[in-house]
Amino acid sequence: MSIGWSKSDLSPRRYLALAALTAFVIVGIPASFFCWAYSQGRLVAPALSGNVCFDEKARFLRNSPNKQCDVLVIGSSMALNNIDSEAMLKHLPPGTRLLNAGAYNMKISQTRALLDCLLAVYRPRNVIFVCGLMDFNKTPGPTQFFDASEVIHFINGRSAWVPILLRHFDLQYYVKWSFRILQIRSSRRDYFSVMFDACGSIPLEISFPKVDERRWNLKVDPEQLDPAEYEELASIADSVRSRGLTLICIQPPMKRGSVPMAVSAAVDEHWSRMERILATRGFHLWNHSAMGLSDDYFCDYSHLNNKGAPIFSEIVGREANSEGPKERVASTQTSRIH
Amino acid sequence: MLFNSYEFLLLFLPLTIVLFIVCGRLLGKRAAFGSLVVASLVFYARWNPPYVLLVIASILFNYGTGCLQHGIIQRRGKASRAVLAFGVATNLALLGYFKYANFFVDTVARATASSWHIEPIVLPLAISFFTFTQIAYLVDVWEGMVCSYSFLDYCFFVLFFPHLIAGPIVRHHEILPQVQESDGRLKFDNLAVGLTVLAMGLFKKVVFADGIAEHATYVFSQATAGVAPDFAAAWGGVLAYACQIYFDFSGYSDMAIGLGCIFGVRMPLNFNSPYKARSIIDFWRRWHMSLSRFLRDYLYIRLGGNRKGVTRRYTNLMVTMLLGGLWHGAGWTFVIWGGLHGMYLLVNHAWGKLTNGQRWAGSRPMLVVYHIITFIAVLVGWVFFRAKTFSTAVCMLKGMAGLNGIRLSPGFEKFLSHWAAWLPVRFAHIDFEFVAFLWLLILLPTIFFMPNTQEIMYRVRPALKQAESMAAVLWRPSPRWALLTGLALAIALLKMGRVTEFLYFQF
Chain A
1 MSIGWSKSDL
11 SPRRYLALAA
21 LTAFVIVGIP
31 ASFFCWAYSQ
41 GRLVAPALSG
51 NVCFDEKARF
61 LRNSPNKQCD
71 VLVIGSSMAL
81 NNIDSEAMLK
91 HLPPGTRLLN
101 AGAYNMKISQ
111 TRALLDCLLA
121 VYRPRNVIFV
131 CGLMDFNKTP
141 GPTQFFDASE
151 VIHFINGRSA
161 WVPILLRHFD
171 LQYYVKWSFR
181 ILQIRSSRRD
191 YFSVMFDACG
201 SIPLEISFPK
211 VDERRWNLKV
221 DPEQLDPAEY
231 EELASIADSV
241 RSRGLTLICI
251 QPPMKRGSVP
261 MAVSAAVDEH
271 WSRMERILAT
281 RGFHLWNHSA
291 MGLSDDYFCD
301 YSHLNNKGAP
311 IFSEIVGREA
321 NSEGPKERVA
331 STQTSRIH
Chain B
339 MLFNSYEFLL
349 LFLPLTIVLF
359 IVCGRLLGKR
369 AAFGSLVVAS
379 LVFYARWNPP
389 YVLLVIASIL
399 FNYGTGCLQH
409 GIIQRRGKAS
419 RAVLAFGVAT
429 NLALLGYFKY
439 ANFFVDTVAR
449 ATASSWHIEP
459 IVLPLAISFF
469 TFTQIAYLVD
479 VWEGMVCSYS
489 FLDYCFFVLF
499 FPHLIAGPIV
509 RHHEILPQVQ
519 ESDGRLKFDN
529 LAVGLTVLAM
539 GLFKKVVFAD
549 GIAEHATYVF
559 SQATAGVAPD
569 FAAAWGGVLA
579 YACQIYFDFS
589 GYSDMAIGLG
599 CIFGVRMPLN
609 FNSPYKARSI
619 IDFWRRWHMS
629 LSRFLRDYLY
639 IRLGGNRKGV
649 TRRYTNLMVT
659 MLLGGLWHGA
669 GWTFVIWGGL
679 HGMYLLVNHA
689 WGKLTNGQRW
699 AGSRPMLVVY
709 HIITFIAVLV
719 GWVFFRAKTF
729 STAVCMLKGM
739 AGLNGIRLSP
749 GFEKFLSHWA
759 AWLPVRFAHI
769 DFEFVAFLWL
779 LILLPTIFFM
789 PNTQEIMYRV
799 RPALKQAESM
809 AAVLWRPSPR
819 WALLTGLALA
829 IALLKMGRVT
839 EFLYFQF
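Note that the protein sequences, when read in sequence, are chains A and B. Residues 1 to 338 (my numbering) are what the first sequence spells out, left to right. Residues 339 to 845 (my numbering) are what the second sequence spells out, left to right.
Keep in mind that the hints were calculated from the coordinates and are not lab data. Here the structure is a predicted model, which is why all the values come from computation and not from measurement. Hints should not be assumed to be uniformly reliable.
Straight-line Cα separation of at most 27 Å, DSSO-like style, residue types lysine-lysine; simulated pairs [stated by the list, open to error]:
{"#": "1", "chain 1": "B", "residue 1": "LYS736", "chain 2": "B", "residue 2": "LYS525"}
{"#": "2", "chain 1": "A", "residue 1": "LYS176", "chain 2": "B", "residue 2": "LYS833"}
{"#": "3", "chain 1": "A", "residue 1": "LYS307", "chain 2": "A", "residue 2": "LYS90"}
{"#": "4", "chain 1": "B", "residue 1": "LYS726", "chain 2": "A", "residue 2": "LYS138"}
{"#": "5", "chain 1": "B", "residue 1": "LYS614", "chain 2": "B", "residue 2": "LYS803"}
{"#": "6", "chain 1": "B", "residue 1": "LYS691", "chain 2": "B", "residue 2": "LYS614"}
{"#": "7", "chain 1": "A", "residue 1": "LYS67", "chain 2": "A", "residue 2": "LYS138"}
{"#": "8", "chain 1": "A", "residue 1": "LYS138", "chain 2": "B", "residue 2": "LYS416"}
{"#": "9", "chain 1": "A", "residue 1": "LYS210", "chain 2": "A", "residue 2": "LYS176"}
Facing chain A, according to a computed beta carbon distance under 8 Å, are these residues of chain B, among others [to be verified]:
{"#": "10", "residue": "TYR344"}
{"#": "11", "residue": "PHE526"}
{"#": "12", "residue": "LEU529"}
{"#": "13", "residue": "ALA530"}
{"#": "14", "residue": "LEU533"}
{"#": "15", "residue": "VAL811"}
{"#": "16", "residue": "ARG814"}
{"#": "17", "residue": "PRO817"}
{"#": "18", "residue": "THR823"}
{"#": "19", "residue": "LEU825"}
{"#": "20", "residue": "LEU827"}
{"#": "21", "residue": "ALA828"}
{"#": "22", "residue": "LEU832"}
Ideal placement from N, C-alpha and C gives every residue a C-beta, glycine not left out.
Looking at chain B on its own, in the form it has when it is part of the complex (with noise of 0.2 Å):
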């Protein structure tokens, strides 16, 4: 079931708002969050059923893991070392049969041009979320930081609807707590700036990202179809990518952050802006945050992070981008993408430490400068992570390059008739239309200069762990807010006849 649709928005929703609000009164607080639970299974199942019983199982394994380690064993022992290294292996092995079994066969197969074949693997949804967040939680577990958990408090941490399909890869010092301290009941201002932000991620997913989207789809299957794009085209297709992919993503967190209000539980921020950001190592601080802070924490300083000297700590980088494109999805275009962000990084590692104390480097002039270097590399970036294969990518960067030609609208031909003769321009039709340019003039402007929901809404705080807010519009629950707030709701709902998946659910 997706979040931008009727089927989940006009009745998976209020019948789900109506059980927490039955149980609640009723039973309790448990019944209340059990609820919760089996809503977030129906939701799963709504997908394949059948797979309803890989998540239960995978969660019987890992929760009884977890209480192995807890009451058994003594802390950080060899026997629990062992029963941490079979848990995650065990969600690892799971993880690679599911979502690499077939990239790696076909991998082998092509090497060794033999025809080693196995049957196209289903991808469980969400497998890559759910299987993360609890290798954290057997991680924490062994370190000693997690209290014992009730199997309905784990259930509930891992299951929870609003984070289970694209994230964030929630933590469970971020939850649980929250579900120990909640009373259990709905409480209208919790529902009011749930909705709220709600509406603002539905707004951005099905208006702008929807919006844009097929022109960039249009470019991309034209460049996979051999047509290669000229200049125009292959840019207006990248930045339409780019702002596609942006507003997904950003309406996505925006409404997990706000279904998880809506029942009393804050999530943690996930996007923040990441156009904005003036390096590689801003980006990846601002983009899909909890996935950056997972690698972090459970890969980057597991490998010896930086404590171990200059050239292992930019392998120790390199290895985690790799597997962090590795992650999005089994293909090479993901793997270069992912290489090509740790080059990023080292490169900005090593920039940091040149320019260390130069007080040119901070200058402002210089700082708009890393912002458009910063945004070219992550469009660079966007080409090999939408490109089918590895072909496509080439073609279109060739196009940004103008290796592919530079076309002019005919229009412009009179305008420019006297120096035509020494430009490099054809005026012929662009294959990006011009509607789709208006969608960029729009767009863009609205992800560089805007403040986002967040900072909108930093009076009520919807998201854990939110900064100050400098924004000069601030929510506030007054008559216009509501009336903003039905309007996007009602665009959004009129809008969403075509049910598109978000990007991220295929990861």
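This is chain A alone, in the form it adopts within the complex (with noise of 0.2 Å):
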């Protein structure tokens, strides 16, 4: 094959020499620029799934050297807001290892595929399961996912993060979250604050009357429950079974009034679809929704906040400690008030 390149024309060298430094100058200065961002922290993490707090807890667990842990807790915000490890441990033998690896935003399908990861790099003992009726709502459009083995070796360390950068690197995603990372990673008063304790928990530190009025005053829609996440909930279940585990599957502390009366019926009929789901493999659902905390506990209307996570924490504490069940499924009428 020849080319018709005449000698009046810029040689095939230089021309290829300038279009390699354009484009290196374009990307070769601002990637110098955004490596070094990262390896001094403030940069976001890599968008392993594209949920930032998901990926935060990716960094989180591949910067902590203890890759092995006794009680693992998994969920969504339920679990990252509503335990406070330090209350937790407390109640728990000394020296067990535990981790929050809860992250917001996250699907029971989601919190599935990571918790395969993270019984491949853990191996806890305990599994916790905090899952609020919010976990199992519909959402719209398709569901973000992440590359399971990509996430088992960037927790692992075994996987250089330069290459996961490039992978996964999108200016428009680093720029829009530069500063406000910045902001999230160093407060508790943020909903979306991804500030971990040394176990991965983020107790908030939002009270009433300074909070997101529309969080606070949200109610709970039965309606909106997706048949599919019982099948994930199922799962969740016999993975942990399967591999001779106990899986605690616990329903937080919901503040008053977020049920309203009309739904406590389907409300109750969801209590009894988890609890059937997992009595048939010998699990329980230990329901703390009415619990019976004052709003001062509460940072909106079910999450709890850096007073109410440890109450609750020392109870989830005490019962991950015991052998069996103190509490099967409780409903919204007849829940042990405090």
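Put the two chains together into one complex; each comes in its own frame, and the hints tell you how they fit.
This is the structure:
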């Protein structure tokens, strides 16, 4: 193959050199800057899933030296924000290693996929799944997902960060998060905080009246429940059971009035359905939805704040430490009020 | 491995070029092309290593069958025909098992309401492409159109990574004479032209196709979930998909040509501004040209083509298009898409016969009408091509027909308030983002009014059998074009964060 390259043209070598130089100036310099920013911890975590909290959690797990745990907490923001690691550890045997792998905006299907990664890396003895009603809700549009083997390698530290950074490089994404990430990494006064404690929990420092009004007044809507998510719950229970581990499935407390009377029967049916799924696999639902905590302990309709999370976590710690479940399925009417 | 990944562009491609140069300089031409065969196997293995054995087995079988035909058996005799039938049947059986077994079993089970079931079979990457390439080779051997090739040449012809995964479906007489004439040395002018075409293709895929993709996906996934799109959203979604598949396939085809060019091999043209077509016949001469050619030469003509009367001709056309649809995917929506295009072709041929010799039929206004009708027909076809189920496609078509209601953004209300009562529209939020409309405003004029890559690059003809170019913008090796190439490459590299597959990889 020969190309009609005349002598008056720019020589092929010069043409290539000029094109390469242009590309390098445009890509190379910003790329070097981003690599530097990442190494300094000033860049949002590589977008393994596109869910910032999940990605930041993956980075947190990668940077944590300990790659083993005894008690693994999983779930969405229900697990992330409702658990206070320190309070929970008080009621677990000394030396117990706790890891909270919860991240906000996680659907149950995503938690199931993440659980498989975490079980492969951390080999815990007990798994605590903190899951609220809203985790079962339908979401519009396709669910964001991640490559499980990539996440395992990333958490394990087996993959170098430069290729990961390159693979998930998205200029718009990094620029968009450049300032916000520094803010939410250093404050727990933001609902989207990613300021993890040593075990990966984030009890939020948000109390009434300095709350987001929309979140505060939200109500549970059982019509939004997605039947497919129950299958994912069953899949989580099967996965834990097949490994001979214990699963503790917990419904955390809910703010009074967040379950309208009109839907309480449907909500009870939801918990009964969860209980049936878990019971057939030898597990139980520990329902603390009606714990009776006052509004001071909440930062919105379903998340506890840094006053409520320790109280709930102590109970979870005690229950995890005990052998059997203390409380079977409760309903909105019959739960014990503390 | 995908062409639009950092792994390919920053690691695989540079290493392959270095290996090609070193082997060419130190060991000669055979070693240089041998290195490309090895690199192609690595390229394929990166997807799923065990499946390399399948490709190798397929190559050994077809090369062996070809040799058998060549040397031992009398050309076009009974024995030769039997060997050809056996070779083609084995290839089709392999394709049928991997690609259609699940589809067949599911269809039968559904039709008979039985619980017949087989485990899902993983579809080996590119099986449709390397199978078709080799079937064409066997038929050509049988017809005496093939001189004897070495095993290495044959491996290169089937495996060369630019066309391996998603075409073009190459013919031996296009590729192998170039290998035989080559000196196995990398030339800087080839490298410069190849990289320029590669950069253009990468830009189309990463910036244009991936940029509009999310908007198409949103509308179609909403329709799949049962949310009926209104008029604007349905048209927006279908136009977005039309742009996505256009730039996706165009980008891939450019990249294949550019990569071939780097190593001194011109690939056949596979994509030539199909939306500029003024008839469906013309569309199929411009869209996936190598597949159209394969279907014409090895299916339509073998079925009798147009030699056995009008009825037989139309039947052959329909069968060819139905099978072409099925080739794209094991699903009824693909069959419907093929059938729809078959019907379009019948109408097109019938119209051609009816208006033959009439001057008004070729007038300028009529050409514009033909162009619009062709594009709309293609869009309707894309609805079935993209929709996962028949009901989703129907839902989209209803939306396009306005049967799901017509909405206008509330911003228009103040301008149209006097006529609001008379207009069959509602003023409400449209399920199609404003930014997507902006994308369409950029992409559609680019498709219809800009020259394509091959026209721009006409001066150096990076592809085989290029038509004359009347393009106002022609590439030349100037500093300005070098800067533009670097810029396109850089923007594409920066946008390449999320690696997305080429749509034709799944076929």
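Outcome of the hint check:
1. The suggested pairing of LYS736 (chain B) with LYS525 (chain B) is violated, with an alpha-carbon distance near 55 Å, which exceeds 27 Å.
2. Distance restraint check for LYS176 (chain A) and LYS833 (chain B): the Cα-Cα separation of roughly 14 Å lies within the 27 Å cut-off, and the hinted pair is therefore satisfied.
3. Restraint check for LYS307 (chain A) and LYS90 (chain A): satisfied, since their Cα atoms lie roughly 16 Å apart, inside the 27 Å limit.
4. For the hint linking LYS726 (chain B) to LYS138 (chain A), the alpha-carbon distance of about 20 Å falls within 27 Å, and the restraint holds.
5. With a CA separation close to 19 Å, the supplied pair LYS614 (chain B) and LYS803 (chain B) stays within the 27 Å bound.
6. A threshold of 27 Å between alpha carbons decides the hint, and for LYS691 (chain B) with LYS614 (chain B) the separation of about 22 Å falls inside it, so the pair holds.
7. For the hint linking LYS67 (chain A) to LYS138 (chain A), the alpha-carbon distance of about 34 Å lies beyond 27 Å, and the restraint is violated.
8. Pair hint LYS138 (chain A) plus LYS416 (chain B) does not hold up; C-alpha atoms about 64 Å apart against a cutoff of 27 Å.
9. The straight-line distance between the Cα atoms of LYS210 (chain A) and LYS176 (chain A) is roughly 26 Å, inside the 27 Å bound, and the hint therefore holds.
10. Using the Cβ-Cβ criterion of 8 Å, the hint placing TYR344 (chain B) at the interface with chain A is satisfied: the shortest such distance is roughly 5 Å.
11. Checking PHE526 (chain B) against chain A by beta carbon gives a least distance of about 4 Å; that is within 8 Å, so the hint holds.
12. The criterion of a C-beta within 8 Å of any C-beta in chain A is met by LEU529 (chain B), whose closest approach is roughly 6 Å, and the hint holds.
13. Annotation: interface hint on ALA530 (chain B) holds; nearest CB of chain A at approximately 4 Å, less than 8 Å.
14. Taken as an interface hint, LEU533 (chain B) checks out: its beta carbon lies about 7 Å from the nearest beta carbon of chain A, inside 8 Å.
15. Given the 8 Å rule on beta carbons, the hint for VAL811 (chain B) is violated: about 17 Å separates it from the nearest Cβ of chain A.
16. Contact between ARG814 (chain B) and chain A, as hinted, is supported at the beta carbon level, the nearest pair being about 6 Å apart and thus within 8 Å.
17. At about 6 Å, the closest approach between the beta carbon of PRO817 (chain B) and any beta carbon in chain A falls short of 8 Å, and the interface hint on this residue holds.
18. With a least beta-carbon distance of about 4 Å to chain A, the hint placing THR823 (chain B) at the interface is held under the 8 Å criterion.
19. The restraint placing LEU825 (chain B) at the interface with chain A holds, with a minimum CB-CB distance near 6 Å, inside the 8 Å limit.
20. For LEU827 (chain B), the interface hint holds, the least distance from its beta-carbon to any beta-carbon of chain A being 4 Å, beneath 8 Å.
21. For ALA828 (chain B), the suggested interface contact is upheld, since its CB lies about 4 Å from the closest CB of chain A, less than 8 Å.
22. At about 5 Å, the closest approach between the beta carbon of LEU832 (chain B) and any beta carbon in chain A falls short of 8 Å, and the interface hint on this residue holds.
Going down the numbered hints, you'll see the structure goes against 1, 7, 8, 15, while the others check out.
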